[in-house]
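Using the sequences and the accompanying hints, generate a full structural model.
Numbering of the sequence shown is given in our numbering, commencing with residue 1 and proceeding in unit increments.
It is worth saying that the hints were derived from the structure and are not from the lab.
One thing to keep in mind: the hints can contain errors.
Said to hold, decoys possible - Lysine to any residue pairs mimicking SDA-like chemistry, simulated, CA-CA at most 20 Å apart:
| id | residue 1 | residue 2 |
| --- | --- | --- |
| 1 | K164 | Q182 |
| 2 | K201 | W169 |
| 3 | K164 | R120 |
| 4 | K164 | S183 |
| 5 | K201 | L162 |
| 6 | K201 | Q96 |
Stated by the list, open to error - Okay, the calculated beta carbon distance ranges per label pair:
| id | residue 1 | residue 2 | range |
| --- | --- | --- | --- |
| 7 | S192 | D33 | 16 to 22 Å |
| 8 | A58 | S165 | 45 to 51 Å |
| 9 | S2 | S155 | 35 to 41 Å |
We treat Cβ as the ideally placed atom computed from N, Cα and C, and that holds for glycine.
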Amino acid sequence: MSIPLLPEFSCLGVISAEYPEVVFEIESYMPIDATRFIMTMHLDVGPRLGELLEHWQACPLLVSFEVVGKSKDSAIVTTIQRSPERSAVRELVGHQMLPRFPVYVRGGTASGIVVTERTRLQEFFRHMKRISPGTHIDAIRTHSLENLEGLLTPSQARIFELAKSAGYWEVPRRATLSDLAQSLDLSRSTISEALALVEKKLIDEATRKMPGH
1 MSIPLLPEFS
11 CLGVISAEYP
21 EVVFEIESYM
31 PIDATRFIMT
41 MHLDVGPRLG
51 ELLEHWQACP
61 LLVSFEVVGK
71 SKDSAIVTTI
81 QRSPERSAVR
91 ELVGHQMLPR
101 FPVYVRGGTA
111 SGIVVTERTR
121 LQEFFRHMKR
131 ISPGTHIDAI
141 RTHSLENLEG
151 LLTPSQARIF
161 ELAKSAGYWE
171 VPRRATLSDL
181 AQSLDLSRST
191 ISEALALVEK
201 KLIDEATRKM
211 PGH
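Structural data, given as structure tokens:
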């Protein structure tokens, strides 16, 4: 899926549009609270690296900007940014779209693989077309989540089925990690780790079925 980033809501959308030759590789994203998120990315720039980094730090949405690794022509950057009411990442999270990192941004457009149910994908696509008309789906691959044999361990499949039926991935969420932990008589950290492994396996399997993989 490819989503043009709205300049008024995204520092990265602005800076990547101004440096269209640069590919920004987003390695991780995590909400801090309702108003801020932290993001780490790698970029290969070339001789204009210093200029780009200086320009980027002037973005009014930035809370903090740190270069955690740097060579002559490339850098690894961690930013904390204010989360606007409307942004591509916020819309992804709100619609239960599971992005597979890295996500690539070039020329003001973010591209990457997302994993979700087909109906949610269709709803998200229609929603994003109203917000950002250039949004498009490059390809769709179907993977049945009902047939988990050989993909998940029995305990992972049990936790997955409970989380799905309890509404853990619904919007708004109908069950929390604590609710699932209580139902299964397991610790919250055990449930969290199990769901993270389940999500990774499902994403890896969906990715494997994509063209070129």
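So, going through the hints one by one against the coordinates:
A C-alpha spacing of about 15 Å is found between K164 and Q182, which places the hinted pair at or below 20 Å, so the restraint holds. The straight-line distance between the Cα atoms of K201 and W169 is roughly 16 Å, inside the 20 Å bound, and the hint therefore holds. The suggested pairing of K164 with R120 holds, with an alpha-carbon distance near 14 Å, which does not exceed 20 Å. Straight-line distance between C-alpha atoms of K164 and S183 comes to about 13 Å, which keeps the hinted pair within the 20 Å bound.
Straight-line distance between C-alpha atoms of K201 and L162 comes to about 17 Å, which keeps the hinted pair within the 20 Å bound. For the proposed pair K201 and Q96, the alpha carbon gap of about 17 Å is at most 20 Å, so the pair holds. Take S192 and D33: their Cβ atoms lie about 18 Å apart, and the range 16 to 22 Å holds. Distance hint check: the CB atoms of A58 and S165 are about 48 Å apart, consistent with the given range 45 to 51 Å.
As the Cβ distance of S2 to S155 is approximately 37 Å, the hint placing it in 35 to 41 Å holds.
Every hint from the earlier list agrees with this structure, and none is contradicted.
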